[in-house]
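Participant: Chain by chain, the residues:
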Amino acid sequence: SQELEQSPQSLIVQEGKNLTINCTSSKTLYGLYWYKQKYGEGLIFLMMLQKGGEEKSHEKITAKLDEKKQQSSLHITASQPSHAGIYLCGADPRPPSGGGADGLTFGKGTHLIIQP
Amino acid sequence: DAGVIQSPRHEVTEMGQEVTLRCKPISGHNSLFWYRQTMMRGLELLIYFNNNVPIDDSGMPEDRFSAKMPNASFSTLKIQPSEPRDSAVYFCASSSILAIGQFFGPGTRLTVL
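Those sequence lines, one after another, are chains V and Z. Here my numbering is used: the first residue of the first sequence is 3, the next is one more, and so on. Here my numbering is used: the first residue of the second sequence is 435, the next is one more, and so on.
Note that these hints are calculated values from the structure, not bench results. Any given hint might turn out to be false.
Claimed, not checked - Result set (EDC-like, lysine to aspartate or glutamate): computed pairs, CA atoms no more than 20 Å apart in a straight line:
(1) Z:Lys458 with V:Glu5
(2) V:Lys58 with V:Glu5
(3) V:Lys71 with V:Glu7
(4) V:Lys29 with V:Glu43
(5) V:Lys110 with Z:Glu478
(6) V:Lys71 with V:Glu17
(7) V:Lys29 with V:Asp94
(8) V:Lys71 with V:Glu61
(9) V:Lys70 with V:Glu56
(10) V:Lys40 with Z:Glu478
(11) V:Lys110 with V:Glu43
(12) V:Lys29 with V:Asp68
(13) V:Lys29 with Z:Glu478
(14) V:Lys38 with Z:Glu478
(15) V:Lys71 with V:Asp94
As the list claims (entries may be wrong) - According to the in silico footprint, chain V covers these stretches of chain Z (three or more CB under 8 Å from chain V):
(16) 447-453
(17) 483-497
(18) 522-536
In this text, all values refer to a predicted model and were calculated from it rather than measured experimentally. Ideal Cβ positions, reconstructed from N, Cα and C, are used throughout, including at glycine.
So that you can see chain V by itself, here it is in the shape it has in the complex (with noise of 0.2 Å):
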């Protein structure tokens, strides 16, 4: 079964600076999703990735997925009190075959606290 790694586990980063967040994926991704969880709260969904070299961005928020497709990073660019939360990286198991949805393979999550 697919496993992923998320790295740092927790990240404690000074207001205004940059950070980047590692998703490292056992297997070949057919489609990687970011999502941030806010502390009691549901997951909200931030972009999705699915060719290798693709870029995406959301305000300040950047993920990129590899050429060989088994990892993606997150970076923050100006971090800011909002930002705080838990970002987990999610993975399609399989490619898609058209009849629907997968469900996914989520990371650990990465703890993001944001010092004034």
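Place chain Z on chain V using the hints.
Facilitator: For chain Z alone, kept in the frame of chain V given last:
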């Protein structure tokens, strides 16, 4: 759009009792997912449905767990009998072939004493 609706938001029960969690997916979405989140194991897929049909229930931990989707706008996850190790946050999510990503509900925090 109301988003994915889950009820109850919090449930405290005693070991051995039956627990039923409910989910209303986003209107028009044809896939529905049940996940469980714990500190130890993170977010795990339990079961998912496409067009109301269960596709993969390999994540359901034991026969004590069962899920149904009688129609496109409602699903239940039942635990009978409940055990303390079932304590977790249970999330429901839905998706559509016309949209990217799965949309999560606020979760049900279950505590089994």
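Participant: For every hint, state whether the structure bears it out.
Facilitator: Going down the list of hints, with the structure as the test:
1. Of the supplied pair hints, the one linking Lys458 (chain Z) and Glu5 (chain V) is violated, its CA atoms being roughly 29 Å apart against a limit of 20 Å.
2. With a C-alpha separation of about 23 Å, the suggested pairing of Lys58 (chain V) with Glu5 (chain V) is violated against the 20 Å cut-off.
3. Of the supplied pair hints, the one linking Lys71 (chain V) and Glu7 (chain V) holds, its CA atoms being roughly 14 Å apart against a limit of 20 Å.
4. Between Lys29 (chain V) and Glu43 (chain V) the CA atoms are separated by roughly 29 Å; this puts the pair beyond 20 Å, and the hint is violated.
5. Restraint check for Lys110 (chain V) and Glu478 (chain Z): satisfied, since their Cα atoms lie roughly 10 Å apart, inside the 20 Å limit.
6. Restraint check for Lys71 (chain V) and Glu17 (chain V): not satisfied, since their Cα atoms lie roughly 31 Å apart, outside the 20 Å limit.
7. The hinted pair formed by Lys29 (chain V) and Asp94 (chain V) meets the criterion: a straight-line CA distance of about 10 Å does not exceed 20 Å.
8. With a C-alpha separation of about 24 Å, the suggested pair Lys71 (chain V) and Glu61 (chain V) falls outside the 20 Å cut-off, and the hint is violated.
9. Pair hint Lys70 (chain V) plus Glu56 (chain V) holds up; C-alpha atoms about 11 Å apart against a cutoff of 20 Å.
10. For the proposed pair Lys40 (chain V) and Glu478 (chain Z), the alpha carbon gap of about 18 Å is at most 20 Å, so the pair holds.
11. Of the supplied pair hints, the one linking Lys110 (chain V) and Glu43 (chain V) holds, its CA atoms being roughly 16 Å apart against a limit of 20 Å.
12. Pair hint Lys29 (chain V) plus Asp68 (chain V) holds up; C-alpha atoms about 13 Å apart against a cutoff of 20 Å.
13. Distance restraint check for Lys29 (chain V) and Glu478 (chain Z): the Cα-Cα separation of roughly 17 Å lies within the 20 Å cut-off, and the hinted pair is therefore satisfied.
14. For the hint pairing Lys38 (chain V) with Glu478 (chain Z), the CA-to-CA distance comes to about 16 Å; that is within 20 Å, so the pair holds.
15. Pair hint Lys71 (chain V) plus Asp94 (chain V) holds up; C-alpha atoms about 12 Å apart against a cutoff of 20 Å.
16. Here the stretch 447-453 of chain Z counts 0 residues with a CB under 8 Å from a CB of chain V, which misses the bar of 3, and the coverage is violated.
17. With 5 residues having a Cβ less than 8 Å from any Cβ of chain V, the stretch 483-497 of chain Z passes the three-residue criterion, so the hint holds.
18. Residues of the stretch 522-536 of chain Z lying with their CB closer than 8 Å to a CB of chain V number 7, which satisfies the three-residue condition for coverage.
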